[in-house]
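Asker: If you read the sequences in order, they're chains A and B.
Each residue of the first sequence is one higher than the last, beginning at 136 in my numbering.
Each residue of the second sequence is one higher than the last, beginning at 136 in my numbering.
Worth flagging that the hints you see were computed from the coordinates, not collected in a lab.
Remember, it's a predicted structure, so these values are computed and weren't measured experimentally.
All C-beta atoms, glycine included, are put in the ideal place defined by N, C-alpha and C.
One thing to keep in mind: the hints can contain errors.
Pulled from the structure, derived: some chain B residues nowhere near chain A, Cβ distances all over 10 Å [unchecked claim]: (1) P155; (2) N163; (3) N181; (4) T189; (5) R227; (6) S229; (7) L242; (8) R265; (9) A274; (10) A313; (11) A326; (12) A335; (13) P349; (14) T357.
According to the in silico footprint, chain B covers these stretches of chain A (three or more CB under 8 Å from chain B) [as the list claims (entries may be wrong)]: (15) 200-207; (16) 239-251; (17) 359-366.
Number of protein chains: 2
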Amino acid sequence: MTSGSRARDHGDPGDAPTIPPPLREPVNSARPSAAEEARTIAASMNSATLATLTAEGDPWASFVTYGLLDGAPVLCVSNLAEHGRNLAADPRASLAIVAPATESDPLANARITIAGHVERPTGAEQAAARDAHLTAVEAAKYYIDYSDFTLWVLRVARVRWVGGYGRMESTSGADYSAAQPDPVSPQAAGAIAHLNADHADALAAMARELGGYPDTTTASCTGVDRYGLDLRVMTERGMAYTRIGFPSVLTSADELRSATVELTCRARGK
Amino acid sequence: MTSGSRARDHGDPGDAPTIPPPLREPVNSARPSAAEEARTIAASMNSATLATLTAEGDPWASFVTYGLLDGAPVLCVSNLAEHGRNLAADPRASLAIVAPATESDPLANARITIAGHVERPTGAEQAAARDAHLTAVEAAKYYIDYSDFTLWVLRVARVRWVGGYGRMESTSGADYSAAQPDPVSPQAAGAIAHLNADHADALAAMARELGGYPDTTTASCTGVDRYGLDLRVMTERGMAYTRIGFPSVLTSADELRSATVELTCRARGK
Chain A
136 MTSGSRARDH
146 GDPGDAPTIP
156 PPLREPVNSA
166 RPSAAEEART
176 IAASMNSATL
186 ATLTAEGDPW
196 ASFVTYGLLD
206 GAPVLCVSNL
216 AEHGRNLAAD
226 PRASLAIVAP
236 ATESDPLANA
246 RITIAGHVER
256 PTGAEQAAAR
266 DAHLTAVEAA
276 KYYIDYSDFT
286 LWVLRVARVR
296 WVGGYGRMES
306 TSGADYSAAQ
316 PDPVSPQAAG
326 AIAHLNADHA
336 DALAAMAREL
346 GGYPDTTTAS
356 CTGVDRYGLD
366 LRVMTERGMA
376 YTRIGFPSVL
386 TSADELRSAT
396 VELTCRARGK
Chain B
136 MTSGSRARDH
146 GDPGDAPTIP
156 PPLREPVNSA
166 RPSAAEEART
176 IAASMNSATL
186 ATLTAEGDPW
196 ASFVTYGLLD
206 GAPVLCVSNL
216 AEHGRNLAAD
226 PRASLAIVAP
236 ATESDPLANA
246 RITIAGHVER
256 PTGAEQAAAR
266 DAHLTAVEAA
276 KYYIDYSDFT
286 LWVLRVARVR
296 WVGGYGRMES
306 TSGADYSAAQ
316 PDPVSPQAAG
326 AIAHLNADHA
336 DALAAMAREL
346 GGYPDTTTAS
356 CTGVDRYGLD
366 LRVMTERGMA
376 YTRIGFPSVL
386 TSADELRSAT
396 VELTCRARGK
């Protein structure tokens with residue numbers, strides 16, 4: 136499930152430099168869907184901020200830890216704490232998860248909001264939810280079985296993904312649940328460093344032949360996921376970003392090397 | 136404003152090791168108040184999670200940046216974004232701020248929840264709020280004057296501070312507003328490293344003579360603020376934590392060296 140382009144519905148920085156458009160259409164600009172981006176962000180963390188409703192119906196933001204059960208956040212909170220009392224009285228809840236920072240400008244970093252309602256899992260789901268929380272939050276072993284702690288599964292009704300400035304999209308709970316977190320991007324840091332250190336010529340060739348920027352002078356890789364590479368491109372018209380999709384979707388980081396070799400061959404017409 | 140001890144109202148880890156009590160009362164266990172702890176955490180960050188109410192009255196958690204105007208968070212959000220629409224329709228809001236992580240267990244780290252309602256600042260406060268936001272969030276210069284962005288000042292009605300396991304306290308908006316962020320702790324990392332590397336004997340003497348643990352074998356410093364030192368103490372009865380208050384409250388990190396020298400002299404009976 137991919138979406139090739141996204142509406143920039145707001146948030147472009149004001150007097151930031153103008154970005155030169157591609158001179159021809161990129162060959163394959165496949166990207167993760169909003170649901171996939173959201174699942175990847177959720178899988179990258181084990182703490183988040185929960186929004187609940189107080190007895191007066193006021194919003195209440197609080198720090199929580201979570202695990203994931205098929206993408207559904209599993210919370211373990213004390214009934215004595217304000218958020219625990221809130222959930223017991225009104226199951227409506229929202230969770231904001233912020234991906235680890237990669238940019239110094241906070242709003243350039245990726246984050247999601249999940250909204251829905253919590254339920255206490257029962258039967259087999261209770262055991263699975265307990266395992267999911269403990270897998271993500273090791274220290275929970277000290278309190279998860281306390282009588283004043285409750286496991287809650289957040290049933291996801293809708294999701295808002297913000298990838299940074301101008302990259303944002305809403306998705307349904309159903310699409311979020313059906314999507315899979317990225318198998319490549321969490322392990323891609325080493326590959327990105329290697330591409331930039333040792334294969335800058337190949338990246339520039341990709342940008343010229345496949346990325347729509349034939350006037351590329353230099354290119355560097357800023358991200359990798361199952362669908363392809365994000366490139367930052369320098370041209371005499373200014374700096375731009377483009378996307379180089381893989382010939383087929385990767386299912387594991389082990390496939391990254393052969394996929395980038397194939398892209399290099401295509402870019403060089405071999 | 137200090138509180139010497141705090142109720143452990145919940146959250147002690149279950150089968151964690153028992154902590155040996157002091158053998159005599161610490162001489163001076165002065166600590167920051169909950170309001171001061173909260174102000175210090177708020178001053179340490181420029182991003183947080185906002186909880187607002189949707190048109191249906193559901194909670195909505197979202198990532199935001201903020202500056203501080205006399206401790207009141209100043210937000211700058213787009214009216215096109217969901218949280219911006221929510222605030223315009225219902226001013227009730229809550230903000231969760233998580234201090235930079237110092238422990239691998241997420242729940243051991245400090246955080247606060249602020250609750251109240253937002254207002255659009257006017258007149259002189261508008262200019263001050265704009266400056267406060269720009270000082271904290273440099274990139275806001277690109278969008279703060281866009282017509283679809285609104286500055287909101289969060290009027291603080293109440294605050295919940297959680298310092299980690301078993302350290303938590305609520306405080307009023309008035310006490311929060313009157314308190315000052317710590318002038319020492321944000322610059323104390325170097326001093327802590329120096330104390331632990333070069334003055335372990337002095338720390339152990341403080342723990343024995345001033346900290347209530349005459350059976351201390353070794354001690355290390357885990358934190359410093361305007362009121363004193365946090366020490367981790369090893370005894371043959373196990374590991375404990377104690378507090379060594381300064382003879383007078385520091386107003387600047389520049390006073391840290393002379394204050395710790397004085398504590399060392401007192402501990403050694405000089």
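Asker: Find the hints from earlier in the document that the structure breaks and name them by number, from lowest to highest.
Answerer: 3, 4, 5, 6, 7, 9, 15, 17
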